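2 protein chains.
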Amino acid sequence: MKGNEPLEYFFNARNIALVGVSNKEGKMGNLFLRRIKKDFHGEIYPVHPTEKKILGLTSYREIAAIPSPIDLVVPLIPQEQLLPLVESCANGQVKFLLAIPSGFGELPRGGKIIEKNLVRLAKERGMRVVGPNSLGMFNCLYGLNASMAPELPQGAPGFSCVTQSGGFGMAVTMYAQNHHMQMAKFCDLGNTSDVEINEILEYFCQDQETRIVGIFLESIPDPKRFITETSLLAKKKPLIFTKIGRTPAGGRASFTHIGLPSVGVEGLDRKIIHAHTGLEMLHIAKGLTWQPLPRGRKVGILTGSGGLGAELTDLCIEHGLKVPKFSKLLQKALRPFLPSYASVTNPIDLTPLWWEFPKIYPPLIHMLLSSPEIDLLIITIIDVATTVEGLMHAVVEAVPNGTQTGDYLLKPIYVYWASPHSTLKNMRILEDGHIPCYQSTLETARVAAAISRYGNNVRTAG
Amino acid sequence: MKGNEPLEYFFNARNIALVGVSNKEGKMGNLFLRRIKKDFHGEIYPVHPTEKKILGLTSYREIAAIPSPIDLVVPLIPQEQLLPLVESCANGQVKFLLAIPSGFGELPRGGKIIEKNLVRLAKERGMRVVGPNSLGMFNCLYGLNASMAPELPQGAPGFSCVTQSGGFGMAVTMYAQNHHMQMAKFCDLGNTSDVEINEILEYFCQDQETRIVGIFLESIPDPKRFITETSLLAKKKPLIFTKIGRTPAGGRASFTHIGLPSVGVEGLDRKIIHAHTGLEMLHIAKGLTWQPLPRGRKVGILTGSGGLGAELTDLCIEHGLKVPKFSKLLQKALRPFLPSYASVTNPIDLTPLWWEFPKIYPPLIHMLLSSPEIDLLIITIIDVATTVEGLMHAVVEAVPNGTQTGDYLLKPIYVYWASPHSTLKNMRILEDGHIPCYQSTLETARVAAAISRYGNNVRTAG
Chain A
1 MKGNEPLEYF FNARNIALVG VSNKEGKMGN LFLRRIKKDF HGEIYPVHPT EKKILGLTSY
61 REIAAIPSPI DLVVPLIPQE QLLPLVESCA NGQVKFLLAI PSGFGELPRG GKIIEKNLVR
121 LAKERGMRVV GPNSLGMFNC LYGLNASMAP ELPQGAPGFS CVTQSGGFGM AVTMYAQNHH
181 MQMAKFCDLG NTSDVEINEI LEYFCQDQET RIVGIFLESI PDPKRFITET SLLAKKKPLI
241 FTKIGRTPAG GRASFTHIGL PSVGVEGLDR KIIHAHTGLE MLHIAKGLTW QPLPRGRKVG
301 ILTGSGGLGA ELTDLCIEHG LKVPKFSKLL QKALRPFLPS YASVTNPIDL TPLWWEFPKI
361 YPPLIHMLLS SPEIDLLIIT IIDVATTVEG LMHAVVEAVP NGTQTGDYLL KPIYVYWASP
421 HSTLKNMRIL EDGHIPCYQS TLETARVAAA ISRYGNNVRT AG
Chain B
463 MKGNEPLEYF FNARNIALVG VSNKEGKMGN LFLRRIKKDF HGEIYPVHPT EKKILGLTSY
523 REIAAIPSPI DLVVPLIPQE QLLPLVESCA NGQVKFLLAI PSGFGELPRG GKIIEKNLVR
583 LAKERGMRVV GPNSLGMFNC LYGLNASMAP ELPQGAPGFS CVTQSGGFGM AVTMYAQNHH
643 MQMAKFCDLG NTSDVEINEI LEYFCQDQET RIVGIFLESI PDPKRFITET SLLAKKKPLI
703 FTKIGRTPAG GRASFTHIGL PSVGVEGLDR KIIHAHTGLE MLHIAKGLTW QPLPRGRKVG
763 ILTGSGGLGA ELTDLCIEHG LKVPKFSKLL QKALRPFLPS YASVTNPIDL TPLWWEFPKI
823 YPPLIHMLLS SPEIDLLIIT IIDVATTVEG LMHAVVEAVP NGTQTGDYLL KPIYVYWASP
883 HSTLKNMRIL EDGHIPCYQS TLETARVAAA ISRYGNNVRT AG
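Chains A and B, in that order, are what the protein sequence lines are. Each residue of the first sequence is one higher than the last, beginning at 1 in my numbering. Each residue of the second sequence is one higher than the last, beginning at 463 in my numbering.
Worth flagging that the hints you see were computed from the coordinates, not collected in a lab. Every value quoted in this text rests on a predicted model; they were computed, and no experiment measured them. A few of these clues could be false.
To be verified - Pairwise CB distance ranges (calculated):
#	chain 1	residue 1	chain 2	residue 2	range
1	A	Ser-68	B	His-883	24 to 34 Å
2	B	Leu-815	A	Arg-428	31 to 41 Å
3	B	Val-920	A	Glu-25	23 to 33 Å
4	B	Thr-520	A	Arg-428	46 to 56 Å
Unchecked claim - Below, simulated DSS-like cross-link-like pairs (lysine-lysine); rule was C-alpha separation at most 25 Å, straight line:
#	chain 1	residue 1	chain 2	residue 2
5	A	Lys-27	B	Lys-574
6	B	Lys-489	A	Lys-359
7	B	Lys-794	A	Lys-112
8	A	Lys-325	B	Lys-499
9	A	Lys-24	A	Lys-52
10	B	Lys-794	A	Lys-425
Stated by the list, open to error - If you want the ones that stay clear, here's a sample from chain A, every Cβ over 12 Å from chain B, calculated:
#	residue
11	Glu-62
12	Ile-301
13	Ala-385
14	Arg-428
Even glycine gets a Cβ: it sits at the ideal position worked out from N, Cα and C.
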C-alpha cells in the first residue's frame, strides 16, 4: 500500500458528514448540501443540534452519533466552533477534515496558535486536516462538489489542480463554465496546516483520472521534496506551475493571505511549464486537454486580417516559435482556394471575405494540418466572422477529432477569437468541438509557445 | 493656412459621393449608404449608372454629373473599375478619394504599378488618395461612418487612431462597442499610396477633438519625419504606438498585407507609450480616456481574493510599479471597515464577503483615493462579486467623476474583472461610469504600469 493512498478517501470519500447545514433556504449550509446532494452518490450525514431531518436526509446531533466511520467531515461553521467540533469526534472515526473556515494562521496575531491546536487535536483523533481557510475540494468525475464554488465543472479524465487560493479556485470553476472545459479534481489547501502540496502531487501522479496537473501556489513548506515530487510528476504528465509571491511585495501579500512565507524554488525540472498567471495556466491546460502536442515549433497562421496576422507572427517569433515561409509547392496547392489578392506565404491572409469563410477555412485547415511544413496551426476568427455560425461548425468538422486516422492527427490548432460580447456564444461551438479559443493575440502566442516548448522538452528528455 | 488643413475636408467632409451603391437590400453598397444616411448631416450624392433615386436620394450617372465640388468620394466597386472612375472625375472637382477596394500594391505582382497609376491619375485631377486596401474612415463626433465597420463608436473628444490594418480597425469598433468607449476619429491608410501617416499625425496634433492618439502601424514611409511628428504630438497629447513587423517574419507577413517594407524606427520620443499589441493599445486608450493620470507609481490594491491580490502585486512590481505597505495610521483608519481576519497592509484582502462588498468597497475606495500613500488604485471584482449589481453602482458613486472637488480627484482607478459570460453586463455599469475594467491581471498591471510610466515621463520632461 502506497503512503499516499489515504488521499483516495479524501478525493473519493465514500461518505461525508456536513456540519453547519440547515433547512433554511438561502443559508450557505443549505445551499452547500443541495449542491452535494445533486450529484454525489455516496452517503451524506447532515449534522445539526436539533433537526431530525435536513432536506430529507436523516440528521445527527453530533459527529460521534453517526453510526459509521467517516471519510470526510466538512464543517460550515464559524472559526470558534471548529476546535470543539474536532474534540467531539471519536478517536479514529474520521479520516479527513476539510476545514473551510478562515480566521486561523492568516490572522495578524493569535491565529497561528489556534491553527496548531486544531491540527494537534485532529491528529490525536487520527484525523488529517485540509485547510483551514479553504474554498474546498471537488472531484468532477465523482459528482462531488465539497466547495464553495457554485458549479461543478463537467467531469472527464484530464486537468486536476491544487492551490492555496480560494479566489483562484473560483476562477477555475468560472473558466470551466465559460469554456465548457472538462476537469478531474481540484483542491484548495488554504493555510496548508497539515495535508500539504507534496502529498497532493504524489496522489495526482498516480491518479489515473489526472492527466494534466496545475499548481497555483504561494508557499512551499518543503521545497526539497517539492523538487522531487514535481520532477516525478513532470516525467509522467504535463505539469503547469504558477508561482505567486515572486516579488518581496507579492510575498508580503501572500503572507497576509495564508500566513506562510513565500519560498522560491530553484532547480525545478525543465519539463515543468511555467505560467505567469493563474489565467494563463488555465489557457494552457485547455490547450493540452483538447489538442495533441505539437512535434515542433513551426506555426502556420490562417487569418482574415493581414494586420493581426502580422501581429500574431511577431508575437509567435518573440515567444520562440517559428513562422516559416511556405514552400512554392504548398503555396501552389493552397492557391486555388483563395482570392487572387490573398497571400499564401504564411500567414495565409484571406482578406475579409467573411461570407466565403465556411467554404474556404475547411480545405485550408485540412491542407495545413496535413503538411509537414508546420507543427501547429493558429487561425483567427474575428469581428464579422464571429457572427457566421456556419463557420464554427465547418471548422469543428474540418479538425480531426481523434476518430479519424492519418499523420496530421497529431497537430494542434488554436484559435484567436475576438468578438462582440453578443457572439461569444459562437465561440462555444468551437470549444464544444474541443478547439481552444483565446481572446488576445498575446495569449494565443504565449499558450502555443508554452505548449510547443513543453513538447520539445519532453522529446529531448527522451 | 497650415499645410495639413485639407485633411479637414477628409475627416469633416461637407459632402460625400458614394459610388457603387444600389437599392438592392443586403448589398454592401446599400448597407453602406444606410449607415451613412443614419447619422451624417452633410450632403450625400449616390452615383449609379441607371437609377434616378437610391434610398430616396437623388442619384447621379457619374461623378462629373454632380453639380458641386466634392470633398470626399467613396467607391465601393471592384479594383478594375477604380482607375476609370478617377479618370471620369473633372479636374479639381474632388478633394479626397477614400479608396476602400483592395487588389493593388499588396498583390504579389503587377499591383504596385496599378496603384501608382491610380495615384498619378488622381493627382492630375487635384485629388488626394487615402488607401487603397482600406477599411475606411470615421469621425464619431460628426456622425460620419465612411467605413466597412457596422457601428460607429459613441462620439466624444478623446481617442483617435490611425492604422494600415482593416482588421485592427474592426477590432477598434468592436472594442468601443463592447466597452462603450467614446472615440473621436479613425482612419485606415491601407497601402498608404498617397496620404501617409505623418500627415494624419500632423492633423491629429492640432485637432481639438483628438486628445489621445493611437498608431497601429506596419510600415513607415518616412521614418525621419515620423520621429519629428510623433515627437511634436507626444509633447501635446498621449500617443500610443503599436509597431507591427518587429520581427523579420512579421515584416514579411506585413509586406504581403500592404505591399510595403517594414521599417524599424529608433530614437522615438520617450513620452510615446509603446503597446505590444493593438488590443493593449485600446486598453491603455480606455484608461487614459476615462481616468486621470497617476502622479506616481505607488499602487493600492483592494481585492476579494488574497491569492489573486498577491498575483496582481507580483505583476505590478514586475512591470515597474510599487505596492507599498500602508502606514500604521492608514491601516488603523481602514480597520473599522473590515472583518478582523482581512488584511489591511496592501493589498487589502477583503476575503469573499461578497454580500458586504456594496457597503465595504465605497468607504475603502474613498479613503484610498484620498490617501497620499498611493498614486493609483486597482480593485478586483471577480466571480460571485460580479453578480452583485448593487456593487457596481456603489463603486461608480464612490469614484469622483470630475464634478466633485478635492485632492484625490486626480487619482485613477482600474478594475480587474473576471466573470462568467452571463454577468459581463454588470461590467457595463462600471464602464458606463467610466471605470475601466480589464479581464486579466496581467493586462490590468501592464496598463497601469504603462500609464504610470507615461505620467512620469510627462512630469520629468517638464
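Item to complete: Any hints from earlier that this structure breaks? Give me their numbers in increasing order, please.
Response: 1, 3, 5, 8, 10, 12, 13, 14
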